[in-house]
Amino acid sequence: MTFEQLRLDGVSRSFGTANALSGLDLAIARGEFVALLGPSGCGKSTALNCLAGLLPLTGGSIWLDDARIDGQPPEQRGFGMVFQNYALFPHMSVRANVGFGLKMRKVARADARRRVDEALRLVQLTDHAAKFPAQLSGGQQQRVAIARAVVLEPPVVLMDEPLSNLDAKLRLEMRMEIRRLHQTLGLTTVYVTHDQEEALSLADRLVVLRDGTVQQIGTPEEVYAQPVNSYVASFMGYRNLLDVTVTGAAGSSVTVEGAGVRLSGRGSLAEGPAKVAIRPEDFVIGDAAENALDVTVEIVEYHGRELSISARLPSGVPVYFRTDKRLAPGDTTRIGIPAERVLVFEP
Amino acid sequence: MTAVASARPALRHRLAERGIDRTLLLLVPGLLVTACLFLYPFLYGLQLSFAPRQGGIFANYARFFGDPYLRDTIWTTLGIALPATFINVLASIPIAYVMRVRVRGKRLLTTILVVPITLGTVLTAQGLIMYGGPAGWLNKVLTVLGITDEPLPLIHNYTGVLLSLVITGFPFSFLLTLSYLSGIDPSLEKAAATLGANGVQRFRRITLPLLAPGLAITFCLSFVMAFSVFPSAQLVGDPANETRVISIAAYHAAFEEYDYSMGSAVAMLMAVVMLIVIGLVMAWRGTLYRGATGGKG
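For the protein sequence lines, the chains are A and B, in the order given.
Note that the first sequence covers residues 1 to 347 in the numbering used here.
Note that the second sequence covers residues 1001 to 1297 in the numbering used here.
Same shape as in the complex, but just chain A (with noise of 0.2 angstroms):
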């Protein structure tokens, strides 16, 4: 089955009077990784099972193409999906787990046995076909589920944090292999996660909610880059963010004060109260021409070449940044941010 689009149209949830997904829009494209980011609560698993047909929608319409396909139960639209906790049958072998789909759609026997072995061979299985779910370590179990969803070629792969239930070392690996499988299969993929990382790295584009709502749709880049609002930027890695006030404005740069400080940054806001977001890693230590700040070290984090410094402001506030330079706790220092990376929103 192909398609050129998979279109969410003001797909809303609601569980009695509380709204898990109010009125989201959203357009994929055949081929395209989409990645819904937010924190546990925000709506984006409720998008998931929606999408796959295991929750119905209390207002709005999902297409594809021209076909309307929320009325559609789960095993009618045939969409893969790959479960949190991996959900293999676990009173099934490997190979009978990823055969399950195939023998339900009354796949030739030959054929099915030809393509569990390809998909097998896709996720590098093959040695373990004949063991079950419980003698598999969670990575392989993992990849068993991602096999059973891509063997049926879905339109559209749906996959509800398949990452996180696994310790990191091995979590870097499986998105590695989600990235090739998604290159060599170029299968439409929705991905649910709560990490901004894993959602960056993966995706081609982003969706950001919030408290069933979106916040920003857009690439990694933009997402990352240019968040529209504090709450983005704090899920994007902004850790610092300061309440101000705007002093005054030009353009797409504005003054603020706040915190015993006085920056410059970029954004488009009247004067009046805001908030200031900055990455940790945009700070720079010394003199710098924009932006000084003198901050006392309070807790420093090795990070291996970088460390992790928690440190304060004459004010009190507290300022988190990076650097290579060596300091301790008790050190006093000059530290900068140009201020194209000072970002200012609205409170």
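If you're looking for bench data, these hints aren't it; they were derived computationally from the structure.
Don't be surprised by glycine CBs; every beta carbon is placed ideally from N, CA and C.
Derived BS3-like pairs (lysine-lysine); straight-line CA-CA distance at most 25 angstroms:
{"#": "1", "chain 1": "B", "residue 1": "K1190", "chain 2": "A", "residue 2": "K106"}
{"#": "2", "chain 1": "B", "residue 1": "K1190", "chain 2": "A", "residue 2": "K103"}
{"#": "3", "chain 1": "A", "residue 1": "K131", "chain 2": "A", "residue 2": "K103"}
{"#": "4", "chain 1": "B", "residue 1": "K1190", "chain 2": "A", "residue 2": "K131"}
{"#": "5", "chain 1": "B", "residue 1": "K1106", "chain 2": "B", "residue 2": "K1190"}
{"#": "6", "chain 1": "A", "residue 1": "K131", "chain 2": "A", "residue 2": "K169"}
{"#": "7", "chain 1": "A", "residue 1": "K131", "chain 2": "A", "residue 2": "K106"}
Computed far set for chain A versus chain B, every beta-carbon distance over 12 angstroms:
{"#": "8", "residue": "T2"}
{"#": "9", "residue": "S12"}
{"#": "10", "residue": "N19"}
{"#": "11", "residue": "D25"}
{"#": "12", "residue": "L64"}
{"#": "13", "residue": "N229"}
{"#": "14", "residue": "R262"}
{"#": "15", "residue": "R266"}
{"#": "16", "residue": "G286"}
{"#": "17", "residue": "R312"}
{"#": "18", "residue": "F345"}
Based on these hints, arrange chain B on the given structure of chain A.
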């Protein structure tokens, strides 16, 4: 600390390594009760059954199998207990399947289904007589409506005992089945759905195979309860003929003929028949997948 003591860990630690420590004392009350109330009476009954009033040590057993009036109680009892158990287990599957998820009125329905378990057989039999007897509501209504010409024979026969066993046995097997079903990870069925399995296929391929070992246990426990049927066979059955179950034979021997030895022999045979059935069911269970079902308990 002396050198010897530090080379060898203390006795307490060495015992603890083998799982022997003071928590084992928690077993004492249970073991005492088991020994006094089960083990001793059982062994006493066993030796009593081999000490008949007349004849050799196997005389009681020879008499049981030689006398069709006694021997056939085994088939009579199986003829009641097996259908009742099948009905209870099979009926509890669909209901538990519906109730495994959040449904409106779940608590009320569960309460209604489980209430009979609190009533006890005698009260149930009483109710069955009032409701299903020749002058009971059911027959009155059916006669008034002209559906039947004469009262349906629902009690004081095989049907009465079967009904009573279903009413008292169903809640038990329902609760057990429900707990086994709740132990199966619901995302397995969701996964099957996304792989193209419809409702029937999901049940047959995923839920049922994972539930089967639990159903075997449910079957065994329900069967044991049904097999030892006594009050309902007396009260709503036909204890002289159609529902002369094995426990009635044991009662008859022990408390009407005052032949405790024979009574014990019948009771021992009762246990043997139950163990055979349980053994067969457990042997079948042994062929199934019995690992984790992914649920959260």
